[in-house]
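Number of protein chains: 2
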Amino acid sequence: MPSPASPALVIGSIGIDRVATPFAEADQLLGGAASYAAIAASYFAPTRLVGVVGADFPVAFMRRYKKHGLDLAGLQIEPHGKTFYWSGKYREHFEGRDTLEIRLNVFEKFSPTLPAAYRDTPFVMLGAIQPALQHHVLDQLPGGNRRPFVLADTFDLWIHTTKAELLRLLRRIDLFVINEDESLLLTGERNLVLAGRALRKMGPRIVVIKKGAHGSLLFHPEGYFAMSAYPVTKFVDPTGAGDSYAGALIGCLAAANRADFATMKKAVAYATAVSSLTVESFSVNRLSNAGRATIDRRYRELVAMTKL
Amino acid sequence: MPSPASPALVIGSIGIDRVATPFAEADQLLGGAASYAAIAASYFAPTRLVGVVGADFPVAFMRRYKKHGLDLAGLQIEPHGKTFYWSGKYREHFEGRDTLEIRLNVFEKFSPTLPAAYRDTPFVMLGAIQPALQHHVLDQLPGGNRRPFVLADTFDLWIHTTKAELLRLLRRIDLFVINEDESLLLTGERNLVLAGRALRKMGPRIVVIKKGAHGSLLFHPEGYFAMSAYPVTKFVDPTGAGDSYAGALIGCLAAANRADFATMKKAVAYATAVSSLTVESFSVNRLSNAGRATIDRRYRELVAMTKL
Numbered sequence: 000m001p002s003p004a005s006p007a008l009v010i011g012s013i014g015i016d017r018v019a020t021p022f023a024e025a026d027q028l029l030g031g032a033a034s035y036a037a038i039a040a041s042y043f044a045p046t047r048l049v050g051v052v053g054a055d056f057p058v059a060f061m062r063r064y065k066k067h068g069l070d071l072a073g074l075q076i077e078p079h080g081k082t083f084y085w086s087g088k089y090r091e092h093f094e095g096r097d098t099l100e101i102r103l104n105v106f107e108k109f110s111p112t113l114p115a116a117y118r119d120t121p122f123v124m125l126g127a128i129q130p131a132l133q134h135h136v137l138d139q140l141p142g143g144n145r146r147p148f149v150l151a152d153t154f155d156l157w158i159h160t161t162k163a164e165l166l167r168l169l170r171r172i173d174l175f176v177i178n179e180d181e182s183l184l185l186t187g188e189r190n191l192v193l194a195g196r197a198l199r200k201m202g203p204r205i206v207v208i209k210k211g212a213h214g215s216l217l218f219h220p221e222g223y224f225a226m227s228a229y230p231v232t233k234f235v236d237p238t239g240a241g242d243s244y245a246g247a248l249i250g251c252l253a254a255a256n257r258a259d260f261a262t263m264k265k266a267v268a269y270a271t272a273v274s275s276l277t278v279e280s281f282s283v284n285r286l287s288n289a290g291r292a293t294i295d296r297r298y299r300e301l302v303a304m305t306k307l
Numbered sequence: 000m001p002s003p004a005s006p007a008l009v010i011g012s013i014g015i016d017r018v019a020t021p022f023a024e025a026d027q028l029l030g031g032a033a034s035y036a037a038i039a040a041s042y043f044a045p046t047r048l049v050g051v052v053g054a055d056f057p058v059a060f061m062r063r064y065k066k067h068g069l070d071l072a073g074l075q076i077e078p079h080g081k082t083f084y085w086s087g088k089y090r091e092h093f094e095g096r097d098t099l100e101i102r103l104n105v106f107e108k109f110s111p112t113l114p115a116a117y118r119d120t121p122f123v124m125l126g127a128i129q130p131a132l133q134h135h136v137l138d139q140l141p142g143g144n145r146r147p148f149v150l151a152d153t154f155d156l157w158i159h160t161t162k163a164e165l166l167r168l169l170r171r172i173d174l175f176v177i178n179e180d181e182s183l184l185l186t187g188e189r190n191l192v193l194a195g196r197a198l199r200k201m202g203p204r205i206v207v208i209k210k211g212a213h214g215s216l217l218f219h220p221e222g223y224f225a226m227s228a229y230p231v232t233k234f235v236d237p238t239g240a241g242d243s244y245a246g247a248l249i250g251c252l253a254a255a256n257r258a259d260f261a262t263m264k265k266a267v268a269y270a271t272a273v274s275s276l277t278v279e280s281f282s283v284n285r286l287s288n289a290g291r292a293t294i295d296r297r298y299r300e301l302v303a304m305t306k307l
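First to last, the protein sequences are chains A and F. Counted the way numbering that gives the first Met the number 0 counts, the first sequence spans residues 0 to 307. Counted the way numbering that gives the first Met the number 0 counts, the second sequence spans residues 0 to 307.
No wet-lab data here; the hints were simulated from the structure. Certain hints may be false.
Copies of the same chain look alike in the list, so a pair counts if it works inside one copy or between any two.
[As the list claims (entries may be wrong)] Computed cross-link-like contacts, DSBU-like style, restricted to lysine-lysine with a CA-CA straight-line distance of at most 35 Å:
no.	residue 1	residue 2
1	Lys200	Lys233
2	Lys162	Lys200
3	Lys210	Lys264
4	Lys88	Lys66
5	Lys65	Lys264
6	Lys88	Lys306
7	Lys200	Lys66
Could you build all of it, start to finish, from the sequences and the hints given here?
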C-alpha cells in the first residue's frame with residue numbers, strides 16, 4: 000500500500016534576477032533557489048515556502064507561486080525593504096558565470112522563524128543559503144522520532160568561506176546535493192566516485208552529484224546509480240537548474256514518504272526531467288508552464304533512453 | 000535462433016608509446032589504435048588485424064597479440080624499418096594532452112593490401128588513420144550484397160587537415176564513432192544531441208559520441224540511447240580508451256552479426272565496460288589481462304547501476 004504524500008518545506012533565497020547568456024538576456028525575472036525549488040517540488044507534493052521578499056516583489060511573481068499552490072505562510076514580506084537582486088552573466092559556452100551585481104536588500108538580515116504549522120514538515124530542503132542559516136532552520140525542527148528528512152544544497156562560496164559550518168551541517172542532514180566541481184573542491188578528491196563516497200563519510204546517508212548536461216550520480220546506502228541527462232536541444236539559461244533539480248527530489252521523496260534506493264532513483268530521474276525544462280527558458284517560465292504531463296513524458300523518455 | 004559469430008577486421012596504427020600522466024610515466028609500451036581495438040574486439044569475435052610494424056617490434060608484443068588469438072595475416076612486418084613511435088604527455092587533470100615526439104617510421108608509407116582471405120570480413124573497423132587510407136581499405140572491400148558493415152573512427156587532426164576526404168568517408172560507412180569535442184568541431188554544433196543528429200545526416204546510419212568519464216550517446220535509426228560511464232576509481236592512463244571502446248563495438252556487432260538498436264545498446268554497454276579497464280593501466284595491460292569474466296561482470300554492473 001503506498002504511503003500518503005507528505006508535505007515538503009523549501010527554504011532559500013528569493014530574488015529578482017537579471018541574466019545574460021552568450022545568446023540573449025532578460026531582466027525583472029523571478030529568481031532565487033527557493034523559487035525554482037518550491038515550484039519544482041509542487042509538482043509532486045504540497046509545498047511550503049520559507050523566504051523573504053520586499054515591498055517591490057511583483058504581484059505577478061506572487062501569482063506564480065499561488066498557481067503552484069505553494070503554502071506562503073512562511074514567506075516574509077518586508078514592507079520597507081527591497082527584494083534580493085542578482086545580475087549575472089554566463090561566459091562563452093556557458094563555462095562558468097560572473098556575478099555583475101548583487102544587492103542583498105531584505106535578504107541581508109533574513110533569519111526565518113518557521114511558522115508553528117511548518118515545524119512538523121517531514122521533508123525539508125535547505126537551499127544553498129549560508130550554512131549558519133541552514134543550521135538556524137534545523138534548530139527549529141523536531142528531533143528524535145519526529146526528526147524530518149533533510150536535503151541540503153550548497154555552493155562554492157560557502158566551501159571557501161564557512162567550511163567548518165558546512166561540515167557541521169553535513170552531519171545533521173540526510174541527503175546532500177552538490178555539483179561536480181564543488182564535490183571535488185569540498186572533498187579534495189579528483190574523481191567523482193571517490194568524492195561521492197567521501198561525502199557520505201562526512202555525514203549524509205545519501206549524496207547526489209549533479210553534472211549538468213552529463214547527468215547525475217546517486218550514492219545511496221543500498222547502491223550506486225548513474226543517471227544520464229535529458230537530451231535538451233533548446234538550451235536557453237541554466238540558472239535554477241540545480242535548484243529545481245533539488246526541489247523535484249524533495250517533492251518526490253515527500254510524495255512517496257520514503258527515501259529508499261528505488262524511490263531515490265525515481266526521484267533522480269524526475270529531477271532530471273524537471274531541470275531539463277528549467278534550462279529551456281529564462282526564469283521559471285518553462286518549468287512553471289510545462290505542467291505535470293510534460294514532466295511525466297520526459298520521465299518516461301528518460302526511462303526508455305537509458306534502458307539496456 | 001542467434002546468428003553465428005562473424006569475424007571482425009581492425010585496421011589502424013600500431014606503435015611503441017611513451018606516456019606521461021600527471022602522476023606517472025612509462026615507456027616501451029604497446030600502443031596504437033589497432034592494438035587497443037583488436038585486443039578489445041577479440042573478446043567478442045575472431046579478429047583480423049591489419050597494420051604495420053618494424054623489425055624492432057618486441058616479440059612480447061607479438062605474443063600479446065597471439066594470446067588474444069588475433070589473425071595476423073594482415074600484419075606487415077618491415078624488416079628494414081622501425082615501428083611507429085609516439086611520446087605524449089597529459090596535462091594537469093587530464094585536460095588534453097601534448098605530443099612530445101612522433102616518428103612515423105614504417106607507418107609513413109603504410110598502404111595496406113588486404114589479404115584475399117580478409118576481403119569478405121563482414122564487420123570492419125577503420126581506426127583513426129588518415130581518411131585517404133581509410134578509403135584505400137574500403138576500396139578493397141566488396142560492394143553490393145557482400146558489402147561489410149563498416150565502423151570508422153577519426154580524430155581532430157583529420158577534421159582540420161583533410162575534412163573533405165573525411166566527409167566523403169562518412170558517406171561510405173555505417174557507424175561513426177567520435178568524441179565529444181570532435182563531434183562539435185566537425186558539425187559546428189554546440190550541443191551534442193544536435194551534433195549526433197547532424198552527423199547522421201552526413202552519412203552514417205549510426206553515430207556514437209564518446210564523452211569519456213561522462214559516458215556515451217548512441218544515435219540510431221531506431222532511437223536514442225544514453226550510456227553512463229563505469230565508475231572507475233583507479234584511473235591511470237586514458238590512452239587507447241576510445242580505441243578499445245570502438246574495438247569492443249565492432250567485436251560485439253560481429254558476434255551478434257547484426258547492428259539493430261538492441262544489439263547496438265548492448266555493444267555500447269560492453270564497450271563502456273571494456274574501455275573502463277583500459278584506463279586502469281598503461282598500455283593494453285589491464286585490458287588484456289582482465290579477461291572476459293571481468294568484462295561481463297562490469298557489463299552486469301552497468302546494467303544494474305543504470306536501471307530505473
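Against the structure, the hints:
1. In this assembly of identical chains, Lys200 and Lys233 lie within 35 Å of each other by CA distance solely across copies; the values are 19 Å between and 38 Å within a copy.
2. With identical chains, the CA atoms of Lys162 and Lys200 are at most 35 Å apart within one copy only, with a shortest distance of 16 Å there and 50 Å across copies.
3. Proximity of Lys210 and Lys264 under a CA criterion of 35 Å is satisfied in both settings, with 16 Å inside one chain copy and 23 Å between copies.
4. For the identical chains of this complex, Lys88 and Lys66 are intra-copy neighbours only, at 29 Å inside a copy versus 56 Å across copies, given an alpha-carbon limit of 35 Å.
5. Taking the shortest alpha-carbon separations for Lys65 and Lys264, only the intra-copy value of 29 Å comes in at or below 35 Å, while the best inter-copy value is 44 Å.
6. For a Cα distance limit of 35 Å, the shortest separation of Lys88 from Lys306 qualifies neither inside one copy, at 37 Å, nor across copies, at 37 Å.
7. When the C-alpha separation of Lys200 and Lys66 is checked against a cutoff of 35 Å, the pair qualifies neither within a copy, at 40 Å, nor between copies, at 43 Å.
Checked against the numbered hints above, the structure breaks hints 6 and 7 and satisfies the rest.
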